[in-house]
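Line order of the protein sequences matches chains X and L.
Number 17 in my numbering belongs to position 17 of the first sequence; there are no gaps in the numbering.
Number 200 in my numbering belongs to position 200 of the second sequence; there are no gaps in the numbering.
I should point out that these hints are in silico values taken from the structure, not numbers from a laboratory.
Check each hint, because a few of them may be wrong.
Said to hold, decoys possible - When the alpha-carbon atoms are kept at most 35 Å apart in a straight line, the in silico DSBU-like pairs for lysine-lysine are as follows:
#1 X:Lys-101 <-> X:Lys-195
#2 L:Lys-56 <-> X:Lys-56
#3 X:Lys-40 <-> L:Lys-195
Claimed, not checked - Which residues of chain X face chain L? A partial, calculated answer using Cβ under 7 Å:
#4 Thr-43
#5 Asp-60
#6 Ala-93
#7 Lys-101
#8 Ile-203
Stated by the list, open to error - Partial list, computed: chain L residues near chain X (C-beta under 10 Å):
#9 Pro-2
#10 Ser-4
#11 Leu-71
#12 Asp-72
#13 Lys-195
For every residue, glycine included, the Cβ atom is placed at its ideal position computed from N, Cα and C.
Protein chains: 2
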Amino acid sequence: MPISGLYLVTDRGLCGTRPLEEVVRAALDGGATCVQLREKDVTTRFFLEEAGRLKKLLSDYGVPLIINDRLDVALTVEADGVHVGQDDMPYEAARRLMGPKAIIGLSVESWEDVERARDMDVDYLGVSPIFETPTKTDTKGSWGLEGLARIRAYTRLPLVAIGGLNASNAEAAVLAGADSIAVVSAICAAPDPLKASRDLAGIIGSALAKRSA
Amino acid sequence: MPISGLYLVTDRGLCGTRPLEEVVRAALDGGATCVQLREKDVTTRFFLEEAGRLKKLLSDYGVPLIINDRLDVALTVEADGVHVGQDDMPYEAARRLMGPKAIIGLSVESWEDVERARDMDVDYLGVSPIFETPTKTDTKGSWGLEGLARIRAYTRLPLVAIGGLNASNAEAAVLAGADSIAVVSAICAAPDPLKASRDLAGIIGSALAKRSA
């Protein structure tokens, strides 16, 4: 299925005292259509166990589990896909290991990245970041809505917009060309992740309908 | 081929200003029979590129390349094997992904680890640490030569001893039961890694001959 709608990228730190699974479940109940598990600085064993728990939870909802960067984790838990950045495994190597059915997303942080990705059969481009964000600081500047629109005009690949997106700008990002809106803090750090997800999913759904009307 | 002899575990930090490849080449010229690439806190891309370079270098010497923990890296560069610790991927999952021909080593840090490993077809046990060492601090105490001898009496698996080993105690470790002596700083931090490796390989070779005589 093509990537579309509300895409949650996890951040355990932002969940505070709430278990990650509880926040993910709230996001799913609120209408998230894709979840990416992102972990840094944990052991492989911890990452695997967490991924295994999420895999089980997500399959109850029929929502794909995407693993950030770590193909060893994705292969072991039989996740639906991986998301790779420009410092992660090259796309071709990731496809070779994951096989033809896996969802593979690729972050684009520069126009050169976008051009190189044009002829790849990636499942989506992660346009990162749209706006500056404290949850990811190793980027090369932000695309803005103009950059997003420029990529939309250039490629037919599904676009997942990420970086500084929330209920106040999700509609604009969809209208600029995003098929999916990825959020981290707008759900993980929300006082009420269920409500936050429901609101976002509603805004994104309406905007997608408006765009295709 | 069974693991035996001088086993280098890399530590880029300890190599100082010398490129890792230069130190590894010196170790190979000095008689190392196995090299494990261990990296933490680097990007997957960096790890892959470095592993690819070492793979090429080691194949010229006919020496196996073992990747620490990261099966995604090992699979992509077609390394000869992986080394997993108790916080890394479980052995069975690693075997499933790596296939029957891969070398898989498993660290044992407690007697329970040794008992659990008894019926696994791991290629070697990494007995870790023999002595306290500043290059690895997340362990559960040290085995000592007595602990090594106790494991030797318990299992037929090849034993790679690691932790605080150098030219002054390598012979004793072999006589206590190690088939292979793994070193980090004794080569990576040596003023002359070629000489250090040659000395160590000589000591280990003589001790293995003495033991089997």
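Now for the hints, and whether the structure bears them out:
1. X:Lys-101 <-> X:Lys-195: 33 Å, holds
2. L:Lys-56 <-> X:Lys-56: 40 Å, violated
3. X:Lys-40 <-> L:Lys-195: Violated, at roughly 39 Å.
4. Thr-43: 4 Å, holds
5. Asp-60: 23 Å, violated
6. Ala-93: 5 Å, holds
7. Lys-101: 17 Å, violated
8. Ile-203: 34 Å, violated
9. Pro-2: 26 Å, violated
10. Ser-4: 28 Å, violated
11. Leu-71: With Cβ-Cβ at 4 Å, under 10 Å, it holds.
12. Asp-72: Because about 4 Å separates L:Asp-72 from the closest Cβ in chain X, which is inside the 10 Å limit, the hint holds.
13. Lys-195: Violated, about 36 Å.
Violated hints, listed in ascending order, are 2, 3, 5, 7, 8, 9, 10 and 13; each of the other numbered hints is respected by the structure.
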